[in-house]
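So you can see what is in the structure, the chains are spelled out below.
There are 2 protein chains.
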Amino acid sequence: MTVIRTLHHFPLDPASRQVRLALAEKRLAFDEVLVRYWEQPKAFTALNPSGLTPVLIERTGDAQVVVCEVRAILEHLEHQNPEPDLLGASSADRAEARRLMQWFDRKFDSEVNAYLLHEKLEKRLLKLGAPDLYNMRQGRDGLRVHLIYLEKLLAARDWLAGGRLSLGDFAAAANISVLDYFGDIPWRDFPAVKTWYMRIKSRPAFRPLLADRWPGLAPSSSYDDLDF
Amino acid sequence: MTVIRTLHHFPLDPASRQVRLALAEKRLAFDEVLVRYWEQPKAFTALNPSGLTPVLIERTGDAQVVVCEVRAILEHLEHQNPEPDLLGASSADRAEARRLMQWFDRKFDSEVNAYLLHEKLEKRLLKLGAPDLYNMRQGRDGLRVHLIYLEKLLAARDWLAGGRLSLGDFAAAANISVLDYFGDIPWRDFPAVKTWYMRIKSRPAFRPLLADRWPGLAPSSSYDDLDF
Chain Y
171 MTVIRTLHHF PLDPASRQVR LALAEKRLAF DEVLVRYWEQ PKAFTALNPS GLTPVLIERT
231 GDAQVVVCEV RAILEHLEHQ NPEPDLLGAS SADRAEARRL MQWFDRKFDS EVNAYLLHEK
291 LEKRLLKLGA PDLYNMRQGR DGLRVHLIYL EKLLAARDWL AGGRLSLGDF AAAANISVLD
351 YFGDIPWRDF PAVKTWYMRI KSRPAFRPLL ADRWPGLAPS SSYDDLDF
Chain D
171 MTVIRTLHHF PLDPASRQVR LALAEKRLAF DEVLVRYWEQ PKAFTALNPS GLTPVLIERT
231 GDAQVVVCEV RAILEHLEHQ NPEPDLLGAS SADRAEARRL MQWFDRKFDS EVNAYLLHEK
291 LEKRLLKLGA PDLYNMRQGR DGLRVHLIYL EKLLAARDWL AGGRLSLGDF AAAANISVLD
351 YFGDIPWRDF PAVKTWYMRI KSRPAFRPLL ADRWPGLAPS SSYDDLDF
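In the order they appear, the protein sequences are chains Y and D.
Using the working numbering, read the first sequence as starting at 171 and increasing by one per residue.
Using the working numbering, read the second sequence as starting at 171 and increasing by one per residue.
One or more hints might be untrue.
If chains are identical, the list can't say which one is meant, so a pair holds when it fits in one copy or spans any two.
As the list claims (entries may be wrong) - Below, a list of computed lysine-lysine pairs in the DSBU-like style, where the Cα atoms sit at most 35 Å apart:
1. Lys-364 x Lys-212
2. Lys-297 x Lys-277
3. Lys-322 x Lys-293
4. Lys-297 x Lys-322
5. Lys-277 x Lys-196
6. Lys-297 x Lys-196
No lab work stands behind these hints, which were simulated from the structure alone.
When you get a sec, could you build the whole thing from the sequences and use the hints?
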């Protein structure tokens, strides 16, 4: 029976972007509902009590499964639609892809997004006033440390988790692409990361992300440029 | 071939505790290496560049797999040792268990642990001075909101994710047990959460956690009491 998918998401949310990339890479069609999560819409918190995007709903005939939160959705999609495999064939491959995912969930989010995205995105959405320059500096310093780490990984690997594209790459690309929307990635200093991002950016799965625009927030000039 | 397991962990780390509970529930023996993660020991950051506990090493003959970070380890263990099943049989069960895990990773951690555990535990380990009373208050207020949510879930369910014990319960119990070590859970006001915790606490898998002590940090008087 056909599965009808609906993804509730926010276009500039790194967690939502990971799910959109995985769905597209697996060629799974889905309807979209854009969630203004910061307004805590009741219809959405009824779906996911945490109030956080993304949420995937799958309808098969009369049956429905609601899958909340990025990690749950990605594990669900891998299990239900194993081709193409985005986690890896061996235990070691899967461990490495999941290590990178949690790196971004836990470390990148608290050391970079909590400063930079908070100042540049959340404060505008929540109308909390002008960005705090000290926080922006903290976030940019944190970002450089992460880019140095990715540059080192990519000196020895084609993709972040090893020889093949994985959810580890999507975790990184989803986070980096949102910061790139705001023009915050110092590409010049990180040639290996830039080459890797050019390859990810050229994939058909990435196209919808490059078309994202949010009212009042213009993207940087090279955001959707494949040859940046 | 026999699998030799070594878990690198910190006893009062909620993420490490989830892995210890899952290993014990699956009756998988393991050696332990206690990590003073806040000192960033080189031998440990060589294993896991994020510097965060837990890390599980599995040796089978000459082969070795290093699995870093709690989510990667728990998914690995479910895949390699499916009995007893701690994720759930249906897609909906697994989605619910994983939703709760990420609830604690993302929401509980930033709304409760970032205040309460930071003030009571991390500041002592890092010798950062006396706890900040405003932060403690923030953390305790956040904790009450989470306990109200758990109390509501448990009014309709035997276990947090539904009819069976799951990794969702372990995520909750691991976080709550560390705060209980410091005497911070207002049990009196949350009878359903208390009953649920008594059941978890009585499981053989929980015993090693109740025996945990860290030098200079005494547990609350009822921490290891099964009838608290």
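So which hints don't hold here, by number, going up? Of the numbered hints given earlier, the structure breaks just one, which is hint 6.
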